[in-house]
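Enquirer: These protein sequence lines map, in sequence, to chains X and F.
Just so you know, we're using numbering that gives the first Met the number 0 here: the first sequence kicks off at 0 and counts up by one.
Just so you know, we're using numbering that gives the first Met the number 0 here: the second sequence kicks off at 0 and counts up by one.
There's no promise every hint is true.
In this list, chains with the same sequence are indistinguishable; a pair is considered to hold if it fits within one copy or across any two.
[What the hints assert, rightly or not] Here are the simulated lysine to any residue pairs, SDA-like style, with alpha carbons at most 25 angstroms apart:
(1) Lys26 with Leu62
(2) Lys123 with Glu107
(3) Lys27 with Val221
(4) Lys120 with Asp191
Hints in this document: simulated from the structure, not taken from any laboratory.
Nothing here was measured: the structure is a model prediction, and the numbers come from that model.
Protein chains: 2
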Amino acid sequence: MNTPATRLYHLALSPYCRKVRLVLGEKKIEVELVEERFWEAGSEIARRNPAGRVPVLRHEGRLMAESQAIVEYLDETVPNPPLMPTTALERYEVRRLCAWFDDKFNAEVTRPVMTERVWKKVMKTGYPDSREIKSGLKAIKDHMDYLASLLEGRKWLAGNQLTLADFTAAAHLSCLDYISDVDWDRSGVLRDWYATIKSRPCFRAVLADQVPGIPPAPHYAVLDF
Amino acid sequence: MNTPATRLYHLALSPYCRKVRLVLGEKKIEVELVEERFWEAGSEIARRNPAGRVPVLRHEGRLMAESQAIVEYLDETVPNPPLMPTTALERYEVRRLCAWFDDKFNAEVTRPVMTERVWKKVMKTGYPDSREIKSGLKAIKDHMDYLASLLEGRKWLAGNQLTLADFTAAAHLSCLDYISDVDWDRSGVLRDWYATIKSRPCFRAVLADQVPGIPPAPHYAVLDF
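Generate the whole structure from the sequences, applying the supplied hints.
Expert: In structure tokens:
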């Protein structure tokens, strides 16, 4: 009997789904993508994930949820290339930055901006609230300055090695970049960092995403933006 | 020169701070607790943590933030007792449940209930909104049923070993229990699990917490509740 293929139940513009896709790509694990419109009648998401949300990864015959738990598992079980450093202190820094993006950056930037500009349209739940968008676009400035300050002294976000922190950050920023909400002129080091990670093979499928009714920004898939 | 003592900048009823306190206690790391009222003028939180929030741990001469990153670091550097299992699949399950509590349970239960009942009073930011409290107390029922279903087949939440998942869950539930918002009659297995973890020495300091103006529920510190 063959091992069942790896399948990801996802949404194209969810940063948590993108994080898993990028890590799967980096580890060269082939994946079948299935769009999971969990808010629609007849969705079977609750059967796949009691938390009722994406991403859900079917992998090695199991259903797995929670993006950070999934990517740490992938890194532990598919060691090449390693996306976690070797010392406990460096791993702490990777996890701190993953939490920074998945929790703080998401609450202050990704969620308000994407909810108003994308999810309300996709899920048909109303019109965008411009105050929320404004608040997110104000907050992203401080975040970009903080990332730039990290990159002044480091090659990658958590140190001198490419890690899960870079893919977590790139997952969030690439969703916002799809709708043209990242002002790359704000920081040269941050733009260079994003250009480098964006040109990796794992990014190709993410750059090919097309969400019906929401065309990507013209520069979105351009590697030399 | 002595290694600087370990110090935790915290708030008594923050589940993220409690999670770090419980793991420090379990690892027998002595800690000095410093209340961090980060919303007050003159707070130096931004200097200690660019994310502007608690917990912040001063440990081995460094300032560390983000509770999950901290406890994973503590578990990796102070191996006894181990609070993570040995296989990648079991570790995945621990991390999935930590995310369940720190993200989903917090958004649906801890944050709305504690914001309205505790933080608005402590931070003097207004009167409680009873709809938020009601929504949190409705949501906790499904969460308790889910936890109970896990505990039907396992000794501890993530398997047959005490892990970070148990301390994460207990950190959230103990904050809600302080204000009497956990209906332990709902599930015998969940009550037994909480009675067992509550009787561990690491829990003592947490059970001794007293927040001015917000007295704990009468049963809060009782081991046989």
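Enquirer: Hint by hint, note whether the structure agrees.
Expert: Hints and how they fare:
In the homo-oligomer, the alpha carbons of Lys26 and Leu62 lie at most 25 angstroms apart inside one protomer (19 angstroms), although the nearest pairing across protomers, at 33 angstroms, exceeds that limit. For the homomeric pair Lys123 and Glu107, the shortest alpha-carbon distances inside one copy (23 angstroms) and between copies (23 angstroms) are both at most 25 angstroms. Proximity of Lys27 and Val221 under a CA criterion of 25 angstroms is satisfied intra-copy only: 23 angstroms inside one chain copy versus 53 angstroms between copies. Taking the shortest alpha-carbon separations for Lys120 and Asp191, neither the intra-copy value of 32 angstroms nor the inter-copy value of 46 angstroms comes in at or below 25 angstroms.
In this structure, only the earlier hint numbered 4 is contradicted, and the remaining ones agree with it.
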